[in-house]
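**Student:** If you read the protein sequences in the order shown, they are chains A and B.
Following this note's numbering, the numbering of the first sequence begins with 379 at its first residue and continues without gaps.
Following this note's numbering, the numbering of the second sequence begins with 502 at its first residue and continues without gaps.
Among the clues, some could well be false.
[Stated by the list, open to error] Below, a list of computed lysine-lysine pairs in the DSBU-like style, where the Cα atoms sit at most 30 Å apart:
1. A/K581 x B/K530
2. A/K546 x B/K505
3. A/K854 x B/K515
4. A/K540 x B/K530
5. B/K505 x A/K604
[Said to hold, decoys possible] Pairwise CB distance ranges (calculated):
6. A/K405 x B/G540: 27 to 33 Å
7. B/Q504 x A/K696: 36 to 42 Å
8. B/A536 x A/E533: 20 to 26 Å
9. A/G677 x B/Q504: 32 to 38 Å
10. A/S715 x B/G540: 22 to 28 Å
11. A/K771 x B/I506: 18 to 24 Å
[What the hints assert, rightly or not] Listed next, the stretches of chain A that the computed footprint assigns to chain B, with coverage defined by at least 3 CB atoms under 8 Å from CB atoms of chain B:
12. 416 to 427
13. 557 to 568
14. 753 to 765
What the hints contain is simulated information worked out from the structure, not anything from laboratory work.
None of these values were measured; they are calculated from a predicted model.
Glycine included, C-beta positions come from ideal geometry on N, C-alpha and C.
In case you want the letters, here they are:
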Amino acid sequence: MAKIVVLGAGVSGHTAVSYLKKELSNKHEIVVVSPNSNYQWIPSNIWIGVGRMKAKQTVFPLAPLYKKKGITYIQAKGTAFYPEGDNEINKGYVLAEYVLGGKKGQTIKIDYDYLINATGPKLNFGATEGLMPGTNKTVSVCTYDHAQHAWKDLEALITRMKNGEHVKILIGTGHAKATCQGAAFEYILNVEHELNRYKVRDKAEITWISNEYELGDFGMDGMTLKVGGKKMTGQDLAEMLFEDRGIRWIKRAGVYKIEDGVVHYETLEGEYKTEKFDFGMLIPAFSGHGFKAYDKNGGDITEKLFKGFMIVDADYTKKPYKEWTVQDWPETYQNPSYKNIFAPGIAFAPPHTISKPRTSKNGTAIFPAPPRTGMPSGISAKVVVDNVIELIKNGENAKLHKGSMGNMGAACVASSGFGLGKGSAVTMTVNPIVPDYQKYPETGRNLNDTIGDMGLAGHWVKLALHYMFIYKAKMKPFWWLIPE
Amino acid sequence: MAQKITKTQRFMMKNWIVQFFRFLYLNTKILFVVAKGHGGTRN
Ligand SMILES: Cc1cc2nc3c(=O)[nH]c(=O)nc-3n(C[C@H](O)[C@H](O)[C@H](O)COP(=O)(O)OP(=O)(O)OC[C@H]3O[C@@H](n4cnc5c(N)ncnc54)[C@H](O)[C@@H]3O)c2cc1C
Numbered sequence: 379m380a381k382i383v384v385l386g387a388g389v390s391g392h393t394a395v396s397y398l399k400k401e402l403s404n405k406h407e408i409v410v411v412s413p414n415s416n417y418q419w420i421p422s423n424i425w426i427g428v429g430r431m432k433a434k435q436t437v438f439p440l441a442p443l444y445k446k447k448g449i450t451y452i453q454a455k456g457t458a459f460y461p462e463g464d465n466e467i468n469k470g471y472v473l474a475e476y477v478l479g480g481k482k483g484q485t486i487k488i489d490y491d492y493l494i495n496a497t498g499p500k501l502n503f504g505a506t507e508g509l510m511p512g513t514n515k516t517v518s519v520c521t522y523d524h525a526q527h528a529w530k531d532l533e534a535l536i537t538r539m540k541n542g543e544h545v546k547i548l549i550g551t552g553h554a555k556a557t558c559q560g561a562a563f564e565y566i567l568n569v570e571h572e573l574n575r576y577k578v579r580d581k582a583e584i585t586w587i588s589n590e591y592e593l594g595d596f597g598m599d600g601m602t603l604k605v606g607g608k609k610m611t612g613q614d615l616a617e618m619l620f621e622d623r624g625i626r627w628i629k630r631a632g633v634y635k636i637e638d639g640v641v642h643y644e645t646l647e648g649e650y651k652t653e654k655f656d657f658g659m660l661i662p663a664f665s666g667h668g669f670k671a672y673d674k675n676g677g678d679i680t681e682k683l684f685k686g687f688m689i690v691d692a693d694y695t696k697k698p699y700k701e702w703t704v705q706d707w708p709e710t711y712q713n714p715s716y717k718n719i720f721a722p723g724i725a726f727a728p729p730h731t732i733s734k735p736r737t738s739k740n741g742t743a744i745f746p747a748p749p750r751t752g753m754p755s756g757i758s759a760k761v762v763v764d765n766v767i768e769l770i771k772n773g774e775n776a777k778l779h780k781g782s783m784g785n786m787g788a789a790c791v792a793s794s795g796f797g798l799g800k801g802s803a804v805t806m807t808v809n810p811i812v813p814d815y816q817k818y819p820e821t822g823r824n825l826n827d828t829i830g831d832m833g834l835a836g837h838w839v840k841l842a843l844h845y846m847f848i849y850k851a852k853m854k855p856f857w858w859l860i861p862e
Numbered sequence: 502m503a504q505k506i507t508k509t510q511r512f513m514m515k516n517w518i519v520q521f522f523r524f525l526y527l528n529t530k531i532l533f534v535v536a537k538g539h540g541g542t543r544n
C-alpha cells in the first residue's frame, strides 16, 4: 500500500488526483492538500471579467467530490518540505497549515510515500510596486474572485462612458518578466468586444502593454503558423487583430510601478516612460511559493528542492540562448535528489525561458517568462501519475514515462469575444511547445501541426472546452475519454 | 504596417455555415495534435 500526497488541486493537481484514483486500487491512499475549497476552470475567468459568465459556472466545491471518491482532502496550505522526515517521523512529510475553521493557523505533518507538488504559481503582485488588484485603478482576472471584481469595475466604467466620458483602458503585463500574455490578450479583445456590444467603443482608447519583443511572442519566442494554408507569424496575427480592433500597443515594456491610474515602465532602449489609464488589468509576475525544505536533522536543504519553483529533471546549467535545446526541458518531472517527489504544471522550475532573453540599456531584464498553459499542465500531471504508478509497481526497476514540452503538442484557444452568434476566438495549435530547431530547422515547429484560425468557430470550441473540462474535473462517467 | 483582415476573411469568420465546418475541423485538429502523444527528447 502506498500513500500519495498531492499538493494543490488546480489543473495539474486535480488531473493527477483523478488519474491516481482511476488507476490505483482502493488499498492505496490518496491525500489532497489545497487551501482553496473550490476547483476552478481558470480559462473562463476572462468571461467572468467581462460579465458574460458567473463565477459559479466556473467552480465547484472539492470536498463533496473527494468524499464521494474516497480521497482524503485537507484544506490547508503546504509550507515546508521534510523529504527525509525528522526524529519523530521516519519518512518524508510536508508541513501544512490549516486555512479554515477552528484549526485555522494550526500545523499538521502529512507523511507520504510519493509527493506530487502541483502548487502552480504564486501571483506575485508584490513584485511590482503599487500593483494590487482593486487599488490604483487596476484589476486582475487571475482568480475568479479577482475576475468578479474586474467586472464590477468595468461595468462602472461602461456606465461612465454611457454618460459621455472618454476613458483610457490599459491591459497587458504588469512586470518586466511576467508571463501569461495569452490571458491578457484574451481579456483586451473581450473588453473591446463588450464595449462594442454596449455601444460605447468610441468612448475608449484601448492600449496593450507588454514585455514581449514583438506582439504574438506569448512567451514562446513567437511562432510561425499556417493560417488558411499561408504562413504567418504570431506577430502578424496579433498585429492584424489589434489593428482591426483599433487597439494601440506598447511592446518591450518592463512595468515596474503603478500609481493611481498611472503605469511606469522602462523600455528596452532604457527610457523611463508613463502611461495614464482609467481601468488597468496587468498580469503580475508569477513566482514560486517560497517553500523551505529541511533534512532529517533540520538542516536547510531548500536548494536541493527549489530554484524558485521545484527542481525536476531539467538541465539547469547556465548557458547562452544560442546553446539552448529542447533537451534542457524536463521529461519525467521527478526531483533528482528525492525520487519520490514530482512537480507537474507550473510548479516545476523551467531550465530557462523559451523567449530570447533581453536586457535594457540599464541592465533590466525585459522578456516573458515561459508559459505553461492548461494542456501541458494536464499532460505533465498525467506523466507524473504514470511514473508514480510505475514506481509503486516496479520500485527500483521502474522505467519512467516521459513527456517533455519539447515533444508535446498543445492547443490554445484565445477568446476574442463572447457570444454564440457574435463571439470569436483565435485558435492556435503548436507542436512542439518548446521549439526544436534540430528537428524543424526552419521554424522550430512542425508546420502541419502549428496552425492558426480566427472566427466564430473558435468561440464554440472554447465554450465546448469549458463544459467538457468541468465535466472531466467532476469525474463524471467516462471523464477519462476527454484528453488533457 | 500590419496586414488587414479582408472583407472576404471577415465574411468567412462570421458565416455560420463556414464556421460550422471550421468547428469540426478545429476540434479534429486539436484532438489530432494532442492525441499524437508526447515523449522524451533525450537519447
Ligand atoms: C486568466 C487566465 C486565463 C488562462 N487561460 C488559459 C487558457 O485559455 N488555456 C490554457 O491552456 N491555459 C490558460 N491559463 C493557464 C492555466 O490556468 C494554467 O496553465 C494552469 O492553471 C496551471 O495549472 P497548475 O495546476 O500548475 O496551477 P494552478 O491551476 O494555479 O493550481 C495550483 C493549485 O495549488 C494550490 N496551492 C497554492 N499554494 C498552495 C500551497 N502552499 N499548498 C497547497 N496547495 C497550494 C492552489 O490553490 C491551486 O489549487 C490561464 C491562466 C490565467 C491566469
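**Student:** The structure should be examined with respect to each hint, and the outcome stated for every one.
**Tutor:** For each hint, the structure was consulted:
Restraint check for A/K581 and B/K530: the C-alpha separation of about 39 Å exceeds 30 Å, so the hint is violated. For the hint linking A/K546 to B/K505, the alpha-carbon distance of about 24 Å falls within 30 Å, and the restraint holds. A C-alpha spacing of about 34 Å is found between A/K854 and B/K515, which places the hinted pair above 30 Å, so the restraint is violated. This hinted pair does not check out: A/K540 and B/K530 have alpha carbons roughly 42 Å apart, beyond 30 Å.
With a C-alpha separation of about 17 Å, the suggested pair B/K505 and A/K604 falls inside the 30 Å cut-off, and the hint holds. Take A/K405 and B/G540: their Cβ atoms lie about 31 Å apart, and the range 27 to 33 Å holds. A hinted range of 36 to 42 Å for the beta carbons of B/Q504 and A/K696 is consistent with their spacing of about 39 Å. Hint check: B/A536 to A/E533, Cβ distance near 41 Å, so the stated range 20 to 26 Å is violated.
Range check, A/G677 to B/Q504: Cβ separation about 59 Å, and the 32 to 38 Å hint is violated. As the Cβ distance of A/S715 to B/G540 is approximately 25 Å, the hint placing it in 22 to 28 Å holds. Take A/K771 and B/I506: their Cβ atoms lie about 54 Å apart, and the range 18 to 24 Å is violated. Using a Cβ-Cβ cut-off of 8 Å, 0 residues of the stretch 416 to 427 of chain A lie near chain B, which falls short of the minimum of three, so the contact claim is violated.
Only residues whose beta carbon comes within less than 8 Å of a beta carbon in chain B count, and the stretch 557 to 568 of chain A has 0; fewer than three means the coverage is violated. Interface restraint, the stretch 753 to 765 of chain A with chain B: holds (3 residues with C-beta to C-beta distance below 8 Å; minimum three).
Checked against the numbered hints listed earlier, the structure breaks hints 1, 3, 4, 8, 9, 11, 12, 13; every other hint is satisfied.
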